[in-house]
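Given chain A, put chain B in place with the hints provided.
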Amino acid sequence: MATIESLGSRLAVVPDADAVIRVKDLHKSYGSYAAVRGIDLTVGKGEVFAFLGPNGAGKTTTVEMLEGYRHRTSGVVDVLGEDPAHPSLAWRARIGLVLQTSKMPPELTVRELVARHARYYPSPRAVDETIDVVGLTDKRDVRSGRLSGGQLRRLDVALALVGDPVLVFLDEPTTGFDPAARRQAWGLITNLRALGKTVFLTTHYMDEAEFLADRVAVIVGGRIVAEGTPATLGGRDGAPCTIRFRRPADPGCPLPAGTRAEDDMIVLHAAEPVQVLAPIFSWAAERHIELPGLEVHRPTLEDVYLALTGEAS
Amino acid sequence: MSTANLVAHELRLAQKVMLRDAQSVFFTIGLPLLYLVIFASFFGDQVGSIPGQPGEMTFATVMTASVVVIGVVSAAFQNLAVTLVQDRENGVLKRLRSTPVRTAVFLGGHVVNALTTAVLLALLVTGVGMLVYDVPALGRRSLAATVTVLVGAVALTSLAVAFTLVIRKASAAAPMTTALTLTLFFISGNFFPGNEPPAVIDFVASVFPVRPFFAAELTAFNPNTVGWGFAWTDLGVLALWGVVGFLVGSRMFRWTPVGEE
Numbered sequence: 001m002a003t004i005e006s007l008g009s010r011l012a013v014v015p016d017a018d019a020v021i022r023v024k025d026l027h028k029s030y031g032s033y034a035a036v037r038g039i040d041l042t043v044g045k046g047e048v049f050a051f052l053g054p055n056g057a058g059k060t061t062t063v064e065m066l067e068g069y070r071h072r073t074s075g076v077v078d079v080l081g082e083d084p085a086h087p088s089l090a091w092r093a094r095i096g097l098v099l100q101t102s103k104m105p106p107e108l109t110v111r112e113l114v115a116r117h118a119r120y121y122p123s124p125r126a127v128d129e130t131i132d133v134v135g136l137t138d139k140r141d142v143r144s145g146r147l148s149g150g151q152l153r154r155l156d157v158a159l160a161l162v163g164d165p166v167l168v169f170l171d172e173p174t175t176g177f178d179p180a181a182r183r184q185a186w187g188l189i190t191n192l193r194a195l196g197k198t199v200f201l202t203t204h205y206m207d208e209a210e211f212l213a214d215r216v217a218v219i220v221g222g223r224i225v226a227e228g229t230p231a232t233l234g235g236r237d238g239a240p241c242t243i244r245f246r247r248p249a250d251p252g253c254p255l256p257a258g259t260r261a262e263d264d265m266i267v268l269h270a271a272e273p274v275q276v277l278a279p280i281f282s283w284a285a286e287r288h289i290e291l292p293g294l295e296v297h298r299p300t301l302e303d304v305y306l307a308l309t310g311e312a313s
Numbered sequence: 001m002s003t004a005n006l007v008a009h010e011l012r013l014a015q016k017v018m019l020r021d022a023q024s025v026f027f028t029i030g031l032p033l034l035y036l037v038i039f040a041s042f043f044g045d046q047v048g049s050i051p052g053q054p055g056e057m058t059f060a061t062v063m064t065a066s067v068v069v070i071g072v073v074s075a076a077f078q079n080l081a082v083t084l085v086q087d088r089e090n091g092v093l094k095r096l097r098s099t100p101v102r103t104a105v106f107l108g109g110h111v112v113n114a115l116t117t118a119v120l121l122a123l124l125v126t127g128v129g130m131l132v133y134d135v136p137a138l139g140r141r142s143l144a145a146t147v148t149v150l151v152g153a154v155a156l157t158s159l160a161v162a163f164t165l166v167i168r169k170a171s172a173a174a175p176m177t178t179a180l181t182l183t184l185f186f187i188s189g190n191f192f193p194g195n196e197p198p199a200v201i202d203f204v205a206s207v208f209p210v211r212p213f214f215a216a217e218l219t220a221f222n223p224n225t226v227g228w229g230f231a232w233t234d235l236g237v238l239a240l241w242g243v244v245g246f247l248v249g250s251r252m253f254r255w256t257p258v259g260e261e
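Protein sequences, first through last, are from chains A and B.
Under our numbering, the first residue of the first sequence carries the number 1, and numbering increases by one thereafter.
Under our numbering, the first residue of the second sequence carries the number 1, and numbering increases by one thereafter.
It is possible that part of the hints are untrue.
To be verified - List of simulated lysine to aspartate or glutamate pairs, DMTMM-like, C-alpha gap at most 20 Å:
{"no.": "1", "chain 1": "B", "residue 1": "Lys16", "chain 2": "A", "residue 2": "Glu107"}
{"no.": "2", "chain 1": "A", "residue 1": "Lys103", "chain 2": "B", "residue 2": "Glu260"}
{"no.": "3", "chain 1": "A", "residue 1": "Lys103", "chain 2": "A", "residue 2": "Asp141"}
{"no.": "4", "chain 1": "A", "residue 1": "Lys45", "chain 2": "A", "residue 2": "Asp78"}
{"no.": "5", "chain 1": "A", "residue 1": "Lys103", "chain 2": "B", "residue 2": "Asp21"}
{"no.": "6", "chain 1": "A", "residue 1": "Lys45", "chain 2": "A", "residue 2": "Asp18"}
{"no.": "7", "chain 1": "A", "residue 1": "Lys45", "chain 2": "A", "residue 2": "Asp214"}
{"no.": "8", "chain 1": "B", "residue 1": "Lys16", "chain 2": "A", "residue 2": "Asp214"}
{"no.": "9", "chain 1": "A", "residue 1": "Lys139", "chain 2": "A", "residue 2": "Glu107"}
{"no.": "10", "chain 1": "A", "residue 1": "Lys24", "chain 2": "A", "residue 2": "Glu82"}
{"no.": "11", "chain 1": "A", "residue 1": "Lys45", "chain 2": "A", "residue 2": "Glu82"}
{"no.": "12", "chain 1": "A", "residue 1": "Lys103", "chain 2": "A", "residue 2": "Glu172"}
Hints listed in this document are in silico derivations from the structure and should not be mistaken for laboratory results.
Bound conformation, chain B alone:
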């Protein structure tokens, strides 16, 4: 059986595992949508400017771009890292390691599942934003929004695989990823866009990938953006994170629980 076929089978199984777990579906897909509904329902009609963005836009537009990012982080980073760590620490990966499955095939199925989920979630959030909260159509900036989602999702899946090396217990997987992503969402302005953060927090946020991701997505969503809407610098930072994640994750991925060889 070809590698592509094997990855396709692994993908289908990874999708089944995710969709048959109601808790996983809620936290990966439901929670980002809930954020959008809550924030856009309360403040959606308000209009204002965002630092670094031209002109003014509705809060619903900003929050839709923000929740697209939250959704991609949730599917491509959080859910993937938690699944891999739990399977590793519970011995599921150790069992699989006894077979002749290649690491690329096994990880390929999980990564493609995370990417697919992230992209579908981004489409869903964008659709809800436009249909329910009057977010303006993106026009030719759709390409930039799509490319940003793809670059972000790929970078975050790489980082998820790398981040599994830091987590040493199955029970710590969800709390650690949640703590990390929530912190990054707060300091990157995903929940309170438009506020100027203190310089230190601003610097820390600029080092991590969530803020460039949000900035690039917002550039594509901003109706005042001139041209195609690509934020090349932010996309470059994201891509760099992806390369780092890939180099670390692909070389150091482990199949056995921490404490075992």
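So that you can see chain A by itself, here it is in the shape it has in the complex:
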């Protein structure tokens, strides 16, 4: 596939042989509206790749083109060695999906549904073990129509896993989960990585992307505006820290050299916080001041994401 092999240098992050998903110059238009405007990305084998973006950014359109649900307007897409626009049954057998909303016949039980999906695949996982993995063993004989939203999502994950897929697409898998259920789901996704599965994850939760993803891409207005690891996305690793502490109660006390107060707080921005903090600690120790409210704040993934999406839009 010459077109795939000639992908741009950005795609070199993942060696060709290890790439599970390769996308080059992907476009999707609906009439005059361009939903996706030239996306390049690669996802390597065994990676957890998080695809982030605000609503309407082209996230689901892109994912559905990779899943084989939508046809692209132009560009090259290769998923597990095939073009998803013309998916074969063998290709579908290697893919597991959790769509944005869980839809299944409410009259069938958890076990009936998981067993049904298992029968479709050439080498499925054990049905009861899969139900156990998603924590629904005590609900296995309950009809899906009587499950809570979180339980339904877990059932959906079980349906995605029971075929023992190589690649799993998880479209907002924890939306609507309570914190405990989200942690459980994270454990499940971490297990997928341990099993060597490749996971393509979309989420609105930055802590989820930070906890789970090896790499992250941010899409805004149909274009990828940043790509990297959660720690380095958008230059996050080199971004200045914010240091803040409450100013001394004694108004006559001089401030540390090079600082100024904002109301009753002293706020500094520093690319190398240790170099800045060392003289402040000396200054405080000499005066027996405890630096009340001291915070050293590196930009979170959410800060970077909001900056990226704010700038781009």
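Relative to the frame of chain A, chain B by itself:
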């Protein structure tokens, strides 16, 4: 797992889905029986002639043949089309489409369920007609009655799959199929047999499959029919509809909601 095994599993699940939904059971099975009880209880003993049929027969005999047709339409067309459209528009089929299940396996389970239900319902209606309303035994015309039910059921399941292409919303599935079938029952004489309809309505009825189906079934039920009771022309029209439905439905069946690719 073989295709036959997979279809058998899909069939069992389709049966469970139908039987666990009380509303579906009532409208598919209960309502046709209710029609029979109401019409046969009021007018069952009356005797008269039906256009195109030899001799005279009881109203109960006519209504039993009519309700067999209504039941088959209800199970093989109406219930199947509504189930498929609702599952498609609600995203159930889209979810299934992510798996390597073949269209023939998925549809096979639903179609065989619809056929089985239609045939069992036809047997039930015929049994009630004979045991409760003194409909004469069919004798050797039983074969024609059975073949007519089978041809009608197969044709109507094909048409149901094709008709799902016309319906664009889950909420419209039941009203649209009900409106269509009720209209066809009225103009085909299923509720008021024996009355000569106006020429235009008569022509429209003759184009659609319900009237040939009813005519063929009534020929088998009519005690005055001579011979085996096969109405070959009517069966031919039904079969033709089935072929059209199959060609359209099998080529254009869609898994994703309308508006999505």
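Holds or violated: Lys45(A) to Glu82(A), with C-alpha atoms at most 20 Å apart:
holds (15 Å)
Pairwise hint evaluation, Glu82(A) against Lys24(A), where the allowed Cα distance is 20 Å at most
holds (14 Å)
Are Lys103(A) and Asp21(B) close enough, with their CA atoms no more than 20 Å apart?
holds (17 Å)
Between Lys45(A) and Asp78(A), is the straight-line Cα distance small enough, at 20 Å or below?
holds (13 Å)
Taking 20 Å as the top limit, are the C-alpha atoms of Lys139(A) and Glu107(A) close enough?
holds (14 Å)
Given the hint that Lys103(A) pairs with Glu260(B), test it: the Cα-Cα distance must not exceed 20 Å.
This hinted pair holds, its Cα atoms lying about 16 Å apart.
Taking only the CA atoms, is the gap from Lys16(B) to Glu107(A) under or equal to 20 Å?
holds (7 Å)
Please verify whether Lys103(A) and Asp141(A) have alpha carbons no more than 20 Å apart.
Distance ~18 Å between Lys103(A) and Asp141(A) Cα, so the pair holds.
Sort out whether Glu172(A) lies within 20 Å of Lys103(A), counting only the CA atoms.
holds (14 Å)
Can the restraint linking Lys45(A) and Asp214(A) be considered satisfied, given a maximum Cα separation of 20 Å?
Status holds; Cα separation ~11 Å.
Between Lys16(B) and Asp214(A), is the straight-line Cα distance small enough, at 20 Å or below?
Not OK: Lys16(B) and Asp214(A) at ~43 Å, beyond 20 Å, violated.
Check the hint pairing Lys45(A) with Asp18(A) against an upper bound of 20 Å on the C-alpha distance.
Holds - the C-alpha atoms of Asp18(A) and Lys45(A) are around 5 Å apart, at most 20 Å.
The earlier numbered hint that this structure contradicts is number 8, and it is the only one.
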